[in-house]
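For this one, chain R is given, so just place chain S with the ligand on it according to the hints.
Chains as they are written, first to last, in my numbering: chain R, 10 to 327; chain S, 40 to 302.
One or more hints might be untrue.
[Claimed, not checked] Computed far set for chain S versus chain R, every beta-carbon distance over 12 Å:
#1 143
#2 173
#3 240
#4 293
[To be verified] Incomplete in silico selection of chain R near chain S, CB under 7 Å:
#5 282
#6 284
#7 285
#8 286
#9 291
#10 309
#11 323
#12 325
#13 327
[As the list claims (entries may be wrong)] Covered, in the sense of this in silico footprint (three residues per stretch, anywhere, with C-beta under 8 Å from a C-beta of chain R), are these stretches of chain S:
#14 100-110
#15 135-142
#16 266-276
Please keep in mind that the hints were generated in silico from the structure rather than gathered at the bench. On a predicted model such as this, the values are computed, not experimentally measured, just so you know. Here a beta-carbon is modelled for each residue, glycine too, at the ideal position from N, C-alpha and C.
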Amino acid sequence: MKRLPMPTSGLLRLMLLMLLTPFSFAGAADFDYRLESRRIADGVYVLIGRTEDFSPDNGGNVVNSGFLVGAQGVVVIDTGPSRRYGEQMRAAIARITPLPVVLTINSHKHPDHFLGNQAFPPETLAALPETIRAIEVQAPAFIERMYKLNGAWMGATELAAPRRALAPGRLEAGGRELELIALDGHTESDLVVLDRATGTLFAADLVFNGRAPTTPHANLKHWLASLDRLEQQSFTQVVPGHGPVAPDAAPIRETRRYLHWLDQTLREGAEQGLDMSEMLAQPVPDTFSGLALSSQEYRRSVTRLYPEAERIALDMRR
Amino acid sequence: MQKMALIVSAAMLLALPPIGGLADDSPRAGMADPLGSPRWENLRRAFFGDAEVVFDDRVKVNAPAVADEPLNVPVAVDASALTGVEEVLVLVDFNPIVRALRFEPGEARASLAFRLKLNESTPIRAAVRTADGVWHLGGARVTTSGGACTQPSAGSGASDWQQDLNQVGSRLWQRPDGSLRLRLRIVHPMDTGLAKGIPVFYIETLEITAGDGRSLMRIEPAEPVAENPVFTLDIPPGLSVDSPLRIAGRDNNGNLIHAETMP
Ligand SMILES: [Zn+2]
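Only chain R is shown next, with the shape it has when bound in the complex (with noise of 0.2 Å):
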């Protein structure tokens, strides 16, 4: 047999190491998320995740969580994207303080935010009557998408819906004073949680710092409102959905200024007549440089919303 020229049988030897190495990381990894509580306020912690999409490499730890440590007990507030990330993030509060969890909060239906629900005790789980509705219906496609996402470090993830619902407004819990502030437009009900003895603002998904905003199920127009209505709210620090802690409103603003550019971005393209390849061929400008995945999330946002501005952009009832 003709010996192969050096580079092909280099090609091979590269091709053999492509396909053996999704097995070699499976086996390295030991699916700890190294959870870190970090301590913000008097007795106000966040773990905050990376600003990355999903992958098997962080497993799905690219979200913020955080919790309150009262008198009494403990308020979580979301709980991460698998029961892993449930199970650690329980042992990381168990490593500041021994009282119990006593509210266990769903900011929103996206799975980043509940799938480690089943960590917690099933009574403490609650959310906006909306957004247990939607959990209910949709858990079971969005757990699908987060396997095949996130890989193994789902192992056992199922859904624990919040069954108590949650009213705006002000609410004692564990020895903590919260005030419920019911939004929406990133979804069709984001809640917002403010602690009031420290004015730290959990701002949910409606905030994201240094990361582009994600739109799956969004309302342009309804989240712009509610940013408009947050900054409005007196806070002394926001903790983002997804990004780093600030000590001020600048990420609600950013997140408004890109919202902004996208929602004029797809009208005024749905009525110069462009079409949904051309829209995505269009550069996110260079002001927008400084935000994680922003060309990603941009061709995302404009396969998902493009569409309801075409419709509208074409005079149509539906």
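Relative to chain R, chain S with the ligand alone:
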């Protein structure tokens, strides 16, 4: 199993087109599929028989490399660099229904943008038949989570869509290069018949004609075209269109589609 996968990958890599432009503008002919699809030989036999088939860089298929929304994947086919285009066939290698759409450009440019449902990651091809009977093929590969062909349409699950069925939204734009753009959207569930309990239901024909009866384009969407289909086409400069354009068609249940749009 691994060895087989290795051989297939090697074949795919070796079949990649050369990087960089060609010295002249002649088509890059040959029988090796530049998209390296294991389905290609079957498709060639099924759709082109003994006709001459060339892979031709002048046939452009623009589709996202990664499609996050498999129910609504934008595809733009442009064969306007070829002359004498008689028909264009759009094929999706790995869809359960391979044939996605066919169009005859008539007096419009030989280009059309539309959206497809994809069932899994797949090559998407445009096969362009010129007057000499030769099929010129271009394509793109799309990666997607898929599953879109076996899902019912949103329309079929809604209670009140029938009253809007086959309603047409259309609008014309003057383009900077003097051409006229037509965008067209039709309310239709476009059900593939592959979702349990939901019968096949799709638009079969759409004819776009100028006021004087000249055919601008004939489109034959098939089941894989996305729900509430949207089409974008361009009418070259110099083609006088001063009376309303007529849009006429029907779906596989015999429901008629009719609309007019003013220039
Ligand atoms: Zn979200």
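For each hint, the structure was consulted:
With a minimum CB-CB distance of about 20 Å to chain R, residue 143 of chain S clears the 12 Å threshold, and the non-interface call stands. Distance to chain R confirms residue 173 of chain S as a non-interface residue, since its nearest Cβ pair spans about 26 Å, more than 12 Å. Separation of residue 240 of chain S from chain R is adequate, the least Cβ-Cβ distance of about 16 Å exceeding the 12 Å criterion. No beta-carbon of chain R comes within 12 Å of the beta-carbon of residue 293 of chain S; the shortest separation is about 21 Å.
Checking residue 282 of chain R against chain S: minimum C-beta separation of about 4 Å stays under 7 Å; hint holds. Because the smallest distance between the Cβ of residue 284 of chain R and any Cβ of chain S comes to about 4 Å, under 7 Å, the interface hint for this residue holds. Annotation: residue 285 of chain R was flagged as interfacial toward chain S, and the flag holds, the nearest CB pair being 4 Å apart, inside 7 Å. The criterion of a C-beta within 7 Å of any C-beta in chain S is met by residue 286 of chain R, whose closest approach is roughly 4 Å, and the hint holds.
For residue 291 of chain R, the shortest C-beta to C-beta distance to chain S is roughly 13 Å, which exceeds 7 Å, and the interface hint is violated. Residue-level restraint check for residue 309 of chain R holds (minimum Cβ-Cβ distance to chain S is 5 Å; threshold 7 Å). At its closest, the beta carbon of residue 323 of chain R sits 3 Å from a beta carbon of chain S; the interface hint therefore holds under the 7 Å criterion. The interface hint given for residue 325 of chain R holds, since its Cβ lies 4 Å from the closest Cβ of chain S, which is under the 7 Å cut-off.
The closest approach between the C-beta of residue 327 of chain R and any C-beta of chain S is roughly 4 Å, which is under the 7 Å cut-off, so the hint is satisfied. Against chain R, the region 100-110 of chain S contributes 6 residues with a C-beta closer than 8 Å to a partner C-beta. That satisfies the three-residue criterion, and the hint holds. Using a Cβ-Cβ cut-off of 8 Å, 0 residues of the region 135-142 of chain S lie near chain R, which falls short of the minimum of three, so the contact claim is violated. Note: the region 266-276 of chain S has 3 residues with beta-carbon separation from chain R under 8 Å; the three-residue rule is met and the coverage holds.
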